[in-house]
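Asker: Here are the chains, one letter per residue:
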Amino acid sequence: MIWLTWRQHRTQFLYTLLVIAAVAAVMLPTGLAMRHTFEDSGLAACIEKLGTAAVVPPGDCDVLSQQFADKYNALTFVGVLFVILPVFVGIFFGAPLVAREVEQGTHRFVWTQGITRRRWAASKFGLVGLAAAVIAVLYALGVSWWFGPLVTNGGGRLAYVSFDVQGVVPIAYTIFAVALGICLGTVFRKVLPAMGVTLAAFLAVRVAVEWGARKHYLSPETVTLPITSTDQFNRYGGAWTYQTGVRNAAGQVVIPDGMVQCAFGTGKAAGTRGSGSGVPLGSSPCSSLGKGAVDFQVLQPGSRFWDFQAIESGIFVGLAVLLVWLALSRVRRLT
Amino acid sequence: MTETALETAGLGKRYGRSTWALRDCTLSLPTGRIAALVGPNGAGKSTLLHLAVGLLRAQEGSVRVFGRDPRTDRAALADLGFVAQETPLYRDFTAAELDRVGRRLNRRWDGALVRERLAQLEIPADRPVGRLSGGQRAQVALALALAKRPRILLLDEPIASLDPLARREFMQTLMGAVGETGTTVLLSSHLLEDLERACDHLIVLRRARVQLSGAVDELLEQHRTLIGPRLPEGTAIPGVDRIVRASHTDRQSTLLVRAAVGAEPAVLPGEGWRAQEISLEDLVLGYLAASADPADPAGRADGERELVRR
Amino acid sequence: MIEFVLDGRSRVATYMQLVLQVKQALRVGLLRPGDQLPRVREVAQTLAINPNTVLKAYRELELEGLAAGRPGVGTFLVDTLAGPSLEHHADLRADLVGWLEKARAAGLSRDDITALIETTMRSMWDDRAAPAAAAAVREEGHLT
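Protein chains in written order, with our numbering: chain A, 0 to 334; chain B, -4 to 305; chain C, -2 to 141.
FYI, nobody ran anything at the bench for these hints, they're computed from the structure.
There's no promise every hint is true.
[Stated by the list, open to error] One-sided excerpt, in silico: chain B residues whose CB lies under 8 Å from chain C:
#	residue
1	Gln167
2	Leu186
3	Leu187
4	Ala193
[Said to hold, decoys possible] Computed far set for chain A versus chain B, every beta-carbon distance over 12 Å:
#	residue
5	Met33
6	Thr111
7	Leu333
Note that beta-carbon positions come from the ideal geometry of N, C-alpha and C, so glycine has one too.
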């Protein structure tokens, strides 16, 4: 059975390795270039100096950060492409697994040999799943490494899309995609429809989890900063900010989206720091705010990155297990 | 004491709510026979074969291959060899690779037999089977099925899409193999002439029901064509169990009749009648053209009597 | 070694065609006592017919005393049709020749004679044997 599965999929597998190698060959130079710039420009050191504290004294990596962003932000586009890579593994490895067998009628040959369908399915699913996992690990390591500097510079590892290409979730997405493909293959029993629906379903689930559920995995923390303080919120601490706003001394949210810095002693309202749609240009909110007012941020601290990774991976791996179980029982009942 | 190679009891398979692909199928095929399963397209031949090899699950009744249920019992699969319609094989595998698949997936496998047969037929074992001719591919499928050394071989329209020469060669190989091993065979076709010389057992299917089944010799012995003066409809004829098909002109009646159990087949209804033996082809055509009312009590009784006799 | 040929259009049963061909071969000396008949498997394969049909033919030859099976080896011819057995029927043959001359003198044509023989035979044996025997007689008639 191992030999049969290998022989059936060997061309596919080798092509995939080839593609990975080609992509790696292209990404390696740009990845190295980015890292060198990141280090050599001093941006890396600057960010490291700030550490992961939520509030830091004034000092600016912003200029360096902007320079780096100007140079490399176009490559974030590539991030979007990489995010959907797992679904292709699902489409090309998972969907045809059962669907092609039934569509071409070869199930009438292989299911009347001497093994049970369960054994056949378990072997096939297991071996192909393993191959997909290996590919996923290579992919995860690769993208994680490549995106490092961009992510650190651009809002941290917990941010949308950045999160998807770091850590272990890429592996979970891939396993989920393959399981989805296999299961839909048993439903549609024709390769092309199975592929199409796998693509749509994968995107739907990913979007639902990312934008609907991820925020709620853990309760966010709130960090505050008096409006008179000269410190600032740490942009490079890897935190995922849900909201930045201003509360008055009584605790009511006065500006739901924005920050202010006021220097009351001098008698004139200093400019706002940061910005936000709640603070129109040219206005001076400092006069209406009391001294006790604070800037606040609702966020997930960067240190929770691995917790979030574990939760999201758990969700997708759990779904994958469910889908595989479903596929197995469908195969046994298939006519 | 002949064993029963294939036995079904009230077997039924339904698709969806109301489409029965096979209904009320009760058969008994003794070992050592070469049975022809004939009927028009859509009659249920493939359904019956797929049920017999465990590819389908029945809604009603049961099917047993040498006493085992092919759907749930793995040992049943070891006893049977199957060649599906259009000989589905992995098209990019060579015959040698398919041999290897067989060896890995089956407990009992005679790989030498495969190589020997293909060498005899001069079929290259290292060419992808998708690039072989239809006849060669059918021979490969047959060789693979026979390599399991099955006790029963089931074939679904194996020669339907082959040219006459390939058809002849396939039947030659099959008959030679049966001569050597004594395997029971059940093969389906919508053309009877391909099977006439080879088969000694017959099953006729039409519209999901068994119209006729039994040993060819016995069936030919039980049926006669009676030709005589115009007979009013509904007239009972002594010694005749069933009028399978009747056609009338204003002066003459031609009846295909089946003799009652134990009765003399050539008993005539009276003066001016003569009895004629019937060819296998005409017998099958007679049953296929007969009004096959599923609720026909005579037809149902026939099936029951069939079961009792066995 | 005899090579069998089947007449697809003949109403004679396949096994009987094989039997008759063996008998004809014996008569003309193509086969002699001691010769081996082709193996069942080979005949079935060459003609694409049911092996049981071949077995039936060989069994028929055994019943008629013309052949005998040796387990594990094959089926061999043990007797001949030409010569001695016909000699035993020399008297019958002489009677038949006399009768035929009388029939011809009475004005019966060849077909009339055949029909007379057939109907008389039929009324002597039962209905079941008649068609096969009549066909065999017709075949024999053509072959002698």
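Asker: Minimum C-beta separation from Met33 of chain A to chain B exceeding 12 Å: can you confirm that?
Answerer: At about 43 Å from chain B, Met33 of chain A clears the 12 Å cut-off, so the statement holds.
Asker: Take a quick look at Leu333 of chain A and tell me if its Cβ sits farther than 12 Å from every Cβ on chain B, holds or violated.
Answerer: Incorrect as stated: the minimum Cβ-Cβ distance to chain B is 9 Å, not above 12 Å.
Asker: Could you check if Gln167 of chain B really has its C-beta closer than 8 Å to a C-beta on chain C?
Answerer: 5 Å, holds
Asker: With 8 Å as the cut and Cβ atoms as the points, is Ala193 of chain B at the interface with chain C?
Answerer: With a minimum Cβ separation of about 5 Å from chain C (threshold 8 Å), the hint on Ala193 of chain B holds.
Asker: Under the criterion of a CB-CB separation shorter than 8 Å, is Leu187 of chain B in contact with chain C as hinted?
Answerer: 13 Å, violated
Asker: Checking the smallest CB distance to chain B, is Thr111 of chain A really beyond 12 Å?
Answerer: The assertion about Thr111 of chain A is violated, with a minimum of 4 Å to chain B.
Asker: Given a cut of 8 Å on the nearest C-beta pair, is the interface hint for Leu186 of chain B held or broken against chain C?
Answerer: 14 Å, violated
The earlier numbered hints that this structure contradicts are 2, 3, 6, 7.
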